[in-house]
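So you can see what is in the structure, the chains are spelled out below.
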Amino acid sequence: GQNIDQPTEMTATEGAIVQINCTYQTSGFNGLFWYQQHAGEAPTFLSYNVLDGLEEKGRFSSFLSRSKGYSYLLLKELQMKDSASYLCAVRVHGSGNTGKLIFGQGTTLQVKP
Amino acid sequence: DGGITQSPKYLFRKEGQNVTLSCEQNLNHDAMYWYRQDPGQGLRLIYYSQIVNDFQKGDIAEGYSVSREKKESFPLTVTSAQKNPTAFYLCASSIWAGNSNQPQHFGDGTRLSIL
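Chains as they are written, first to last, in the working numbering: chain A, 1 to 113; chain B, 1 to 115.
Do not take every clue at face value.
[What the hints assert, rightly or not] Only some residues are given here: those of chain A computed to face chain B with a beta carbon under 8 Å:
id, residue
1, A42
2, Y48
3, D52
4, A84
5, L87
6, G104
7, G106
For the record, the hints were derived by calculation from the structure and aren't laboratory data.
Since the structure is predicted, the reported quantities are computational estimates derived from the model, not experimental observations.
We treat Cβ as the ideally placed atom computed from N, Cα and C, and that holds for glycine.
So that you can see chain B by itself, here it is in the shape it has in the complex (with noise of 0.2 Å):
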């Protein structure tokens, strides 16, 4: 079935480590966004990238990374610079980003916490 895989489903992160969260998708979209959710909070946008190759700062980007090598992967790496990292971390994906009658579906998520 096609759909939005996210690896690991929990995560723990030492003082000063970076770590890397997966995103891989099977349904041939071409944006993927990365998004943090925090208890009580909204979703925010961290990166979104609309074709290989290329990729735009949302609006929490600082501490966080990507890189969009191929159609299907967009990984997001919490650098040691994030100072809170700790939340629960979604990826999702389009058909078309400037389609603004397609939705966006999501992953199952990953939770990060701080050892």
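Excised from the complex, chain A in its bound form (with noise of 0.2 Å):
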């Protein structure tokens, strides 16, 4: 089957670094995203790795390790605004090459003053 776990809720503070950790176990690997999603609206894109190791982009940073299905996204000097869901997405090969997205439940992080 399909499963990727995200730890439900993190809380961090203002100007602090958080790391936000996804595990998968899915039929075939074809990359993975993170995707940034405040309350009530779209999910906007953040990053995404299909070979191991770090691609950093600003403040936000996402680490793969195929080996371990394993990522983590990486939020440095925290902001107020970073408040919002943070899901985890793999992609799967799908019938006739559609390449489907499995998502995390998704994790929420509360930023504290």
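Work from the hints to combine the two standalone chains into their complex.
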């Protein structure tokens, strides 16, 4: 089966660093995406990993280890506006090479002053 | 500006009624998707389409139907057979579903409730 696990909730302090973990067990792997979703809004794309290692994009970094089925999203210099849900999604091979996304349940991050 | 437009933002369904959610994109994307999001849960795939006049069932297709008559449009009908339709529905599109480095872009969603 397909399974993606993330912590349900996390709390961090403004200006700090937080790491959100994601572990996955999927039939096939064709990339891992992180999305940010504010309450009641559309998810927005943050990062993409397909090879092992760290991808850095400003205050956000994402790491992937395919052998361990593990990824994390690192948020630095936290700001209040970073309070949101963070969704981990794995692309798996679908019929006709459509590349379906399987989503974790999301991690709700609350940033406190 | 290019983007994905979902309408309406809020929708109410009566018992035994079919309702249709609209999704239009002007990004010239080939692939389009419908997801359902329930509180505390991740997005679950309902249907997806790679090209016009072709679509595939996702993980929770029962009680839903779609059509893809135009590249820009992928409407979702929630039928009376869907017994628990209350949820947040998200439409997404991507350049080419099989091109792994292209993310899916999402619309603002439609919140469906039962009267």
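### Message
Going through the numbered hints above, which ones does this structure break? Give me the numbers in ascending order.
### Response
Hints 3, 4 not satisfied by this model.
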